[in-house]
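J.: Listed below, chain by chain, are the residues.
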Amino acid sequence: MLHHLIRQAAEHGFGETLSLAPLPAPSRRGFLKAIGAGAGVLVVGAHLPMPALAAEAAPKIIGPADPRPHAFIIVAPDNTVTVLAKHLDKGQGIVTGIATIAAEELDADWSQVRGAFAPADQKLYANHFFGIQGTGGSTAVANSWDELRMAGAAARAMLVAAASARWKVPAGEVTVSKGVVRHAASNRSLTFGELAEEAAKLPVPQQVKLKDPKDYVLIGNPDLHRLDHISKTNGTAIFSMDIRRPGQVTAVLARSPRFGGTVKSVDDAAARKVPGVIDVISLPVGVAVIARNSWAAMKGREALTVTWDDAKAETRGTDAMLADYRKAAEKPGAVAANKGDADKAIADAKAKGGHVVDGEFVFPYLAHAPMEPLNAVVALNPEGGCTIWAGSQFQTVEQMVAAHILGCKPEQVKIDTQWAGGSFGRRATTNADYIAEAVMIAKAYPTAPVHLVWTREDDIKGGRYRPLFLHRITAAVDAKGALVGWKQRIVGQSFMAGTPFEAVMVKNGVDETMVEGASDMAYPVPNLAVDAHTLASPVTTLWWRSVGHTHTAYAKEVMIDRLAKAAGKDPVAFRMEMLKDHPRLAGVLKLATEKAGWGQPLAPGKGRGVAVHESFNTYVAHVADVTVDAKGQIKVDRVVVAVDCGEVVNPDVVKAQMEGGAGWGIGHALRGEITMTDGVVDQANFDSYLPLRMSDMPVVEVHILRSHERPTGAGEPGVPTVAPAVANAVFSVTGQPLQTLPFSRGGIVS
Amino acid sequence: MVRINVNGEERQVDVPEDMPLLWVLRDELNMTGTKFGCGIAQCGACTVHIDGAPARACQTPVGMLTPDSRITTIEGVKGKAAQAVQAAWQKLDVVQCGYCQSGQIMSAIALLTDNQNPTDQDIDAAMDGNVCRCATYVRIRAAIKDAAQTMRA
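Protein chains in written order, with our numbering: chain B, 1 to 750; chain E, 1 to 153.
No lab work stands behind these hints: they were computed from the structure. Nothing here was measured: the structure is a model prediction, and the numbers come from that model. Careful, some of the hints might be misleading.
Interface residues of chain E toward chain B, partial, derived using beta-carbon atoms under 10 Å [as the list claims (entries may be wrong)]:
#1 Val-2
#2 Asn-5
#3 Cys-43
#4 Met-64
#5 Asp-124
The beta carbon of each residue, even a glycine, is placed where N, CA and C say it ideally should be.
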């Protein structure tokens, strides 16, 4: 088997017969036409099938219909087992996760297991949630669960069949454990490596038996090490930033300081004189400086004089934008949820001894700022097309966009995916932005492999932000303290509008990623009205770790604490009463609050807050402990998190995602914001876009619910509830709800 | 021509003197374990040791170094502290995306070389210059304590 697998897969068409998506294949013509639209800016406007990306519906696995060991597992004569990951690993540990799932059914020994990135191939490697190859929405484990168990079980059956044939014994007498195939009666054994070639020649079984979860030895094992734990501690792990192809040149791109600006004129005389600068090329997306090394490229760019045309650019500052948002919020928006009569319920509550609570919430633009600045290496192939080395997250989109730029077929675009130094959503774009830039430069400078490198300033000022959002909420509890009415208006930008995702993600004028977590909230409010205004700006925006839940969960959970207080109820009891029909939410709330010691008295100046939410079909509750000092400044001391993500493949990886998710949520809530003055971003680097640092990090205690439900995701769901839990902890001390983010705006963060 | 000593080996590079050591390592010597994260000494991804002390390679013009300056990178770091730190990082599976970890490890080694019983405040002071966007700080702190214990044993 298995060691020639990719070629075999292609030649023999494994996977070709699978129905990967119920929707029609992407309309390439329309897609390509749309990509070309608009001078200077890549706009993609056709209809790629992208069902269930935001995962508000229950996960629907589309295929696989058959076991496909050849697509995923290489058993080599040297006795290694390499499991190919079709998903990008940007730190969330999916290479380890996928390998664990396959190795479990294969009965491999963990020490022989390796991970590698699969090539870009939509037919073989589509994400079954998306219909294209891509990673996002915390889908990777859920998407791989059946596929990799079946592949592992089929590969195991082939190894057993090979041993059975060699020994001339019934397959039923052959056992497999820790990478060794045995026949007990005759006391014979063979390693996987010794059987690899024979097994590869056997047919793939069409029916496989999967293990009973009680027999798992790798899945759920907390002691497995990540497959990247050594290479990432000795400097040998290769990121695309580290790719060095023969003759490679480095490019940096001067982009408009205002979103939507275009190049008017360029004076490159001084730049060309910088030692090491090879060429300066004007492109629709900016001015590329090509040099022998990174330093020369950056110095060359500093020496450029570019005049920009701001005719179509955003020239408002964020204060002016927010004023426009408030104006829009005065009028009804497109309806996202409407049940009962919220206005009447709120009025009745007010008239009959209940309590009404109003809140306006402001969420800033936020950059993803992955540690590895965006970059990609592109080399044109002599036979046409190109090869891209990148932390590639939406391989199919990147292939299509590159093919359009180069005038080749998407399959002529090879992608060699590398470890990605973080993403948090940034690398998954609807127009392959930075990869497209690199391909355009490579096309214009075809004689050498081109490494496009973004500096940190390019990254912080470069857009694709979590959008700026304004929420206005009015909600009421009746005289008995029951939540009876909730009105919520959300104003912001849609990053789905004008992209191939729009057809699926925007319904009745509402981008679901703006209202997810609000319009479908679990609390059973009998009278609920949620609407939304989508306002346009040339400022580019994008999903950002946990997407709409970054703001909807925050607004909801802070309001719930205010309503609980108005009703005179304990915040946990108030929530628990409303979650009777949501056992998994109630389960994590109970676990987190028990472990945190909810209800135990706290010292003066100490506060404790809670929040609970479902996102990406995973259930999470946070309890945060804070200290508010005499000056009113806060420190987050401890966070207790409980998570239910179904069957847990790698408990320690889930734990790590909860630790990291807590840090991500707290860091941005404390100090994270991108602001603009006259359309120019005020922040530039980590001295002004302030990241969470060691001394900010609280103790984090993670508790995972045991479950045999289908596995869901862990990369994003650990984010939404941590910031509101911290805010509620502060609220418990000061009585002041924190409704404008980041908290530093309120002067309570040093 | 600039002469520098990297990991005990003398290297000659034909670069302008204002080129930061970071780019000399990465682009001229093809030693890519030292990472570019911010370029302004705000993230610590480029941390190396110069004569045993942690330094940000992105803010160290190569012309300021002499052939006597001992530059140590993640590729060449050795010794009791290095061994203890890397073993602890591996034992606790500290890494997520891993991009900042060369710098984190170089800072941690420098801390533990000087102080084998660091307090939480010592760890904050030594490590606050190293950003991890994955927020692996909980495990970095635990790994430093674990390595310190190994070194004291």
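J.: Now tell me, hint by hint, if it's right for this structure.
T.: The hints, checked one at a time:
Interface restraint check: E:Val-2 against chain B, minimum CB-CB distance 13 Å, threshold 10 Å, status violated. For E:Asn-5, the interface hint is violated, the least distance from its beta-carbon to any beta-carbon of chain B being 18 Å, above 10 Å. The beta carbon of E:Cys-43 is positioned within 10 Å of a beta carbon in chain B (closest approach about 5 Å), and the interface hint is therefore held. The interface hint given for E:Met-64 is broken, as the beta carbon of that residue sits about 15 Å from the closest beta carbon of chain B, more than 10 Å.
The restraint placing E:Asp-124 at the interface with chain B holds, with a minimum CB-CB distance near 4 Å, inside the 10 Å limit.
Violation of the numbered hints given earlier is confined to hints 1, 2 and 4; the remaining hints are satisfied by the structure.
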